[in-house]
Amino acid sequence: MKLSNFLNKIRTYNPELYISQKEGILIKAVKLLDKDQTLFESNYLYIGKTSNLPKVLPQDHYINILCITNNNLPSKYKKSPMLNLIALNNNMDIITIFNEVQDMLTKQQQLALNSAKLLDCLVSEKGIEHIVNIGSDLLNNPICIIDLSFKLLAASKKIQVDDPIWIELLTKGYCSFDFVSMSNAEKFIELVHTSNSPVFMSKDKFRIPRIVSNIKVNNKVVGYVVALECEKSFNEDDLELIFLLCKVLSSEMQKNKFLQNTKGLRYENFIIDLLCGEKMDTSTIEERLNFLDLHFKNNIYVLTVKVSQNNFGNVSLYRIRDTIDYMLVDSKSIIYNDTIVVVISRNNKISTHENSFAKLTEFLKKNKIHGGLSRCFHSLIDIQEYYHQALKSIELGVALKTNKFLFLYEDFAVYHLLETCSKQNDLENFCHASIYDLMEYDKKNNTDYMKCLYTYLINEKSQLETAEVLSICRSTLAHRIEKIQRIMNINLNDAITTFRLILTFIILEYADGTKFVDNLHNKRKLHIYGGTSNE
1 MKLSNFLNKI
11 RTYNPELYIS
21 QKEGILIKAV
31 KLLDKDQTLF
41 ESNYLYIGKT
51 SNLPKVLPQD
61 HYINILCITN
71 NNLPSKYKKS
81 PMLNLIALNN
91 NMDIITIFNE
101 VQDMLTKQQQ
111 LALNSAKLLD
121 CLVSEKGIEH
131 IVNIGSDLLN
141 NPICIIDLSF
151 KLLAASKKIQ
161 VDDPIWIELL
171 TKGYCSFDFV
181 SMSNAEKFIE
191 LVHTSNSPVF
201 MSKDKFRIPR
211 IVSNIKVNNK
221 VVGYVVALEC
231 EKSFNEDDLE
241 LIFLLCKVLS
251 SEMQKNKFLQ
261 NTKGLRYENF
271 IIDLLCGEKM
281 DTSTIEERLN
291 FLDLHFKNNI
301 YVLTVKVSQN
311 NFGNVSLYRI
321 RDTIDYMLVD
331 SKSIIYNDTI
341 VVVISRNNKI
351 STHENSFAKL
361 TEFLKKNKIH
371 GGLSRCFHSL
381 IDIQEYYHQA
391 LKSIELGVAL
401 KTNKFLFLYE
411 DFAVYHLLET
421 CSKQNDLENF
431 CHASIYDLME
441 YDKKNNTDYM
451 KCLYTYLINE
461 KSQLETAEVL
471 SICRSTLAHR
481 IEKIQRIMNI
491 NLNDAITTFR
501 LILTFIILEY
511 ADGTKFVDNL
521 HNKRKLHIYG
531 GTSNE
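The letter at position 280 of the sequence shown is residue 280 when you use UniProt numbering, and the numbering goes up by one with no holes.
Don't read these hints as lab results, they were simulated from the structure. Watch out, some of these pointers could steer you wrong.
[What the hints assert, rightly or not] Calculated lysine-lysine pairs in the DSS-like style (CA-CA distance at most 27 angstroms, straight line): (1) Lys444 / Lys483; (2) Lys401 / Lys359; (3) Lys35 / Lys49; (4) Lys444 / Lys359; (5) Lys401 / Lys263; (6) Lys255 / Lys332; (7) Lys216 / Lys263; (8) Lys461 / Lys483; (9) Lys392 / Lys257; (10) Lys117 / Lys232; (11) Lys158 / Lys107; (12) Lys31 / Lys107; (13) Lys158 / Lys257; (14) Lys232 / Lys247; (15) Lys49 / Lys79; (16) Lys392 / Lys279; (17) Lys28 / Lys79; (18) Lys332 / Lys392; (19) Lys255 / Lys232.
[Stated by the list, open to error] Beta-carbon label-pair distances, calculated as ranges: (20) Ser4 / His295: 43 to 51 angstroms; (21) Gly24 / Lys55: 24 to 32 angstroms; (22) Lys297 / Asn140: 44 to 52 angstroms.
All values reported here derive from a predicted model rather than from experimental measurement. Even for Gly, the Cβ is constructed at its ideal location relative to N, Cα and C.
Using the sequences and the hints given, assemble the complete structure.
Written out as structure tokens, the structure is:
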């Protein structure tokens, strides 16, 4: 036991302290002080009366003496540089004091043994459930771990508990709004959050008394340990054991990357459960939303923000998250798998031209990071699908080199379709067959009909806009369109043919990572700056 801890434990005796060195002194055993004793161990506590104090004190190491002052204490003992002296008044019984100190050391040794068992659990890497079971065995009382959303993470199973909240927690896996009202939950959180040590809650608060303590990772509360007084009554040593258990659980939970990045907000765990695809029906989701006092509007979106590996060390995910939270009011954000995930809910659908999204786009561009926005959905039960949409839009947007920083899944859904199909078939098999005739004609005759057709189609077959983009007169364009139709043996007034050709260009763009379209643009530049064409 540390000397400093021992001094705290005997404060009730109102001792007089003459301490030369408190820090770094450990007490491993207690002995009665002999009158003629000359040899002393620095990690022993010697108990005796003033008359038994040694005439000569060691000069090369510290000694620790607890003295019952049966006569005046000589000043040399008060000022000795190598003596830690604790003086108690003469009314104390030396045998009683000796036994109480011995009990303190025995309890401390038991705590050390318990510490070793819990540390073994940590080293064994058997997870939170194993740590909880060992902790329950040491306490001889049931224990459970819940996260900030009051969802069960682990619980001991050996001891049966006749408590409705406990039974529902183990049955459903979370506390429902029916059993624990929000006001009670807030009082619970406030009480435990503000305490740096385990809190004992007596029968006036719960039917079964319990000890509750928070678990912290990086100085943020990430969960709670709850121990119920069922098999044996709690004592002060149990508070110390639970304090130690929380430290061990903290070390174990630090392995979870999400908990390293949490802000300690109660909704975070709930959103993680949804993103991970944890099975929850609509009623369960509604129940947990009520319990968390969490409200989402009708139109929901998922925004994901990723930092490229090249830029990862230069940009703080925490700073980015805080900035986005400031821009997108009422959104709920987390950091998950090195990605910022933001759940946005609105009464009206999102327009990327609105002020908040214009600022977001500018922020992403300035910091050279990418964001992906899912389609709109209306139920949190579908959130995992839309989370993957947001991720996929970034993946495809970056791969297609669109030179943008905010990607909407709506713009990339067709590319997602092509990616899925490409795993089963060669996409070029789905291209309009005659497109290759036009490509071959361009190659042989140094013409630019592919570019002309592409521009004509993406401008919705408007001759005015197409001619303006290509910087040619409308009669020249009309001639080229007619020529293209003859080469390909097609009718561009046919809607199905137009659709198939647009799909063909999208396939070629996807297959070539936009190089195809870039090449078309480059060919256009060649003609503008003096290139020749055989039309």
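For each hint, the structure was consulted:
Straight-line distance between C-alpha atoms of Lys444 and Lys483 comes to about 15 angstroms, which keeps the hinted pair within the 27 angstroms bound. Distance hint between Lys401 and Lys359 is fulfilled; the C-alpha atoms sit about 22 angstroms from each other, no more than 27 angstroms. Restraint check: the Cα-Cα separation between Lys35 and Lys49 comes to about 9 angstroms, which is no more than 27 angstroms; the hinted pair holds. With a C-alpha separation of about 49 angstroms, the suggested pair Lys444 and Lys359 falls outside the 27 angstroms cut-off, and the hint is violated.
Straight-line distance between C-alpha atoms of Lys401 and Lys263 comes to about 34 angstroms, which puts the hinted pair past the 27 angstroms bound. About 24 angstroms separates the Cα atoms of Lys255 and Lys332, which keeps this hinted pair within 27 angstroms; it holds. In summary, the hint linking Lys216 to Lys263 is supported, as the alpha carbons are separated by about 11 angstroms, within the 27 angstroms threshold. Taken as a hint, the Lys461 and Lys483 pair is honoured in the structure, with Cα atoms around 15 angstroms apart against an allowance of 27 angstroms.
With a C-alpha separation of about 22 angstroms, the suggested pair Lys392 and Lys257 falls inside the 27 angstroms cut-off, and the hint holds. A distance of roughly 20 angstroms separates the Cα atoms of Lys117 and Lys232; the hinted pair therefore holds under the 27 angstroms criterion. A threshold of 27 angstroms between alpha carbons decides the hint, and for Lys158 with Lys107 the separation of about 25 angstroms falls inside it, so the pair holds. Proposed proximity of Lys31 and Lys107 is supported: the alpha carbons are some 17 angstroms apart, at most 27 angstroms.
The suggested pairing of Lys158 with Lys257 is violated, with an alpha-carbon distance near 30 angstroms, which exceeds 27 angstroms. For the suggested pair Lys232 and Lys247, the alpha carbons sit about 23 angstroms apart, so the restraint of at most 27 angstroms is met. For the proposed pair Lys49 and Lys79, the alpha carbon gap of about 18 angstroms is at most 27 angstroms, so the pair holds. The straight-line distance between the Cα atoms of Lys392 and Lys279 is roughly 23 angstroms, inside the 27 angstroms bound, and the hint therefore holds.
Only pairs whose Cα atoms come within 27 angstroms are accepted, and Lys28 paired with Lys79 is accepted, the gap being roughly 25 angstroms. Restraint check for Lys332 and Lys392: the C-alpha separation of about 20 angstroms stays at or below 27 angstroms, so the hint holds. Taken as a hint, the Lys255 and Lys232 pair is broken in the structure, with Cα atoms around 33 angstroms apart against an allowance of 27 angstroms. For Ser4 and His295, the hinted distance range of 43 to 51 angstroms is satisfied, since their beta carbons lie about 50 angstroms from each other.
Checked against the hint of 24 to 32 angstroms, the pair Gly24 and Lys55 passes, with Cβ atoms roughly 27 angstroms apart. Remark: the range hint 44 to 52 angstroms for Lys297 to Asn140 is upheld by a beta-carbon distance near 49 angstroms.
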